[in-house]
Amino acid sequence: MESIIKRIEEEIVHAGPRERDLDIGTVTITGDGIAEIDGLSGAVMSEMVIFDPTFDRTLEEALADSDAIYGLVLNLEEDSVRAVILGDASKVHEGMLVRRLGRLLSIPVGDALVGRVVSALGEPVDGKGPVPGVTPMPIERQAYGVIDRAPVNQPLHTGIKAVDAMIPIGRGQRELIIGDRGVGKTAIAIDTILNQKNEPAATRPICIYVAIGQKESKTAKIVAQLAEAGAMEYTIVVTAPASSPAAFQFLAPFAGATIGEHFMEQGKDALVVYDDLSKQAVAYRQMSLLLRRPPGREAYPGDIFYLHSRLLERAAKLSKEKGGGSLTALPIIETQEGDVSAYIPTNVISITDGQIYLQADLFNKGMRPAIDVGISVSRVGSSAQTKAIKKVSGKIKLELAQFRELEAFMQFASDLDADTKKRIDSGRRMTEMLKQNVGEPLAFEMQAAIIFAATNGFFDSFAPEKTSDAEKRLQNYLLREAGSVLTAIRESREISEESDAALRALLEKFSVSAA
Amino acid sequence: MPSDYAKAIYRLKQRGDLTDAQIAENLRLHLTRAGKTKLLPAIVRELKRLSYMKQDVSVVEIASEAARIPAVAAAKELGNQEQDVRINDALISGWRVKTRDTLIDRSGKRFLIDLYRSVTN
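Chains A and B, in that order, are what the protein sequence lines are.
Residue numbering for the first sequence follows my numbering, starting at 1 and increasing by one per position.
Residue numbering for the second sequence follows my numbering, starting at 1001 and increasing by one per position.
Incorrect hints may appear among the rest.
[Said to hold, decoys possible] Computed list of lysine-lysine pairs in DSSO-like fashion (alpha-carbon distance at most 30 Å, straight line):
1) Lys91(A) <-> Lys1048(B)
2) Lys1054(B) <-> Lys91(A)
3) Lys391(A) <-> Lys509(A)
4) Lys221(A) <-> Lys128(A)
5) Lys128(A) <-> Lys268(A)
6) Lys218(A) <-> Lys128(A)
[Stated by the list, open to error] Estimated spans, in silico, between C-beta atoms of each pair:
7) Glu313(A) <-> Asp1089(B): 52 to 58 Å
8) Glu1077(B) <-> Glu321(A): 48 to 54 Å
9) Ser217(A) <-> Glu1077(B): 55 to 61 Å
10) Ala1042(B) <-> Glu228(A): 56 to 62 Å
11) Pro132(A) <-> Leu1040(B): 54 to 60 Å
12) Glu313(A) <-> Leu1078(B): 42 to 48 Å
Hints were generated in silico from the structure; no laboratory data involved.
From the three backbone atoms N, C-alpha and C, an ideal C-beta is built for every residue, glycine too.
The whole structure should be built from the sequences, with the hints applied where relevant.
Below, the structure written as structure tokens:
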């Protein structure tokens, strides 16, 4: 009580004539989360404004409900401005006073955000209280220029064999995950986050999962999964659920990028997953139509490409002079009926540095992860692979490509020559080897050992359809018997001659004992 | 479209070529011929809004007569020649002046609300 009285004394002593309040406006029309404001003649684009509910009320009424509602100016018109309401739109009414805040939209960022679940405005929603030690950072920022960037050459391991071997992702890259609903796009992103637990703490990236327009139950399930696996120690979740206003679903990815940049600028690595940008595009379309902006193709506004390009350009690998940090982006796009030539998918494909394409057909056939390696690509390529993985994965893509060519002849198996049958069986074994359960990412040294076994014929003694089981048994075997070899590979990040010989000897033993 | 009609009517009024009655009658005839009589209420609303926007009046609210002189002086400083002075008990003390895009608030109510927010936040 005494501290409150002292505080009030200090406030009264230091209260002097306030600077005059410039630039106010009055709400003339409001509805659907948009307010048209008369006045605010000095307002700038993307400026924050505040809808002041206290102007027309008595003191008692004002103190009972003095929570201000913020808005974001998005349309500057001849006699008025239009702003998106960032809060409870039902509290904004015609005639309400609006004040400029003189700053762009910012969110609070800080190291203490790690382990928390926050909204698109950076407010905690996990019930764990306020986030301490945060500073505001603008949500829209210019991406780093060419001079400030360095080449992408450090791997970001997803823990998924098919990705790390054939579609390797580097720190600072943008790799799109694209496919129909329910084919495992989120699973790939979550497994990537889970796999960062296998990285040493010093180089482990901070992960940010941005849930856009998702069901709250799905987001809660993901948070629980990450917490159970201990991944929340290095993860931040930004959520704008399906029940939130379109403005929040539009802003959430930018909030995720801003949080990622906070860590990147400290020289650390960060990974941000945008799940998914199709929903952000739909939310932006809704807002633009309500703002009376002219609709273009599929009713999207003309700057829909710029929405995604300016977001994804913020992912970068910074030069040593700028601290050497990185921000890797994994945007997710949902296609309809596998149509990758639709408007939004083609836009984002042209922006990103590669795509992981998930096929519903493969998923239904039991190939999981359902990655179509034929049309998935990483434009960074082997620059982002450890020597260990690079050594063993060179042959896989070619073998799988040859297998796909020959697959059509499989139904004529009895009429094929021995060599063709051998290639088909080899392709089938390779395909089975690449299958992996959800939530079970593999450390890169284990992946290297398994792919080594597959490409050097150590699975040939097993029937192709049994390869998946054999691979799981091999994993257990290697964990029991090959600890020192795996450690050597992990520390040196390559398969040396000694490791090669030791691994071959162990795999021979395994093949004999398991056959 | 109602705002375009309102702007056109406002300009006609400023030019003074026609009287208000002539403008109203001609507008009615035009809307009837064009089949747009339903726009009339919206045009009237837009015209009211436009007239308010263009006027050069300050709304001056004072808690008591003692605050009239400084309040009116502040309003004149804003450049507006017309002041609409009202007594508003809710201000508790002091005064405030509001124009279309400027507010000067020197009221006791504002002071107490700001004090409450800074102590409780």
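Status of the hints after comparison with the structure:
With a CA separation close to 25 Å, the supplied pair lysine 91(A) and lysine 1048(B) stays within the 30 Å bound. Taken as a hint, the lysine 1054(B) and lysine 91(A) pair is honoured in the structure, with Cα atoms around 28 Å apart against an allowance of 30 Å. Between lysine 391(A) and lysine 509(A), the direct Cα distance comes to roughly 22 Å. Compliance with the 30 Å bound is thereby established for this hinted pair. Taking the CA atoms of lysine 221(A) and lysine 128(A), the gap is about 18 Å. The hint holds against a cut of 30 Å.
A C-alpha spacing of about 26 Å is found between lysine 128(A) and lysine 268(A), which places the hinted pair at or below 30 Å, so the restraint holds. At roughly 20 Å between alpha-carbon atoms, lysine 218(A) and lysine 128(A) fall within 30 Å of each other, so this suggested pair holds. Separated by about 56 Å at the C-beta atoms, glutamate 313(A) and aspartate 1089(B) satisfy the suggested range of 52 to 58 Å. Distance hint for glutamate 1077(B) and glutamate 321(A): a CB-CB separation of about 51 Å, consistent with the stated range 48 to 54 Å.
At roughly 58 Å, the beta carbons of serine 217(A) and glutamate 1077(B) sit within the given window of 55 to 61 Å. Range check, alanine 1042(B) to glutamate 228(A): about 58 Å between beta-carbon atoms, so the 56 to 62 Å window is met. For proline 132(A) paired with leucine 1040(B), a C-beta distance near 59 Å keeps the hint of 54 to 60 Å intact. For the hinted restraint 42 to 48 Å between glutamate 313(A) and leucine 1078(B), the CB-CB distance of approximately 44 Å keeps it satisfied.
Comparing the model with each numbered hint stated earlier shows that all of them hold.
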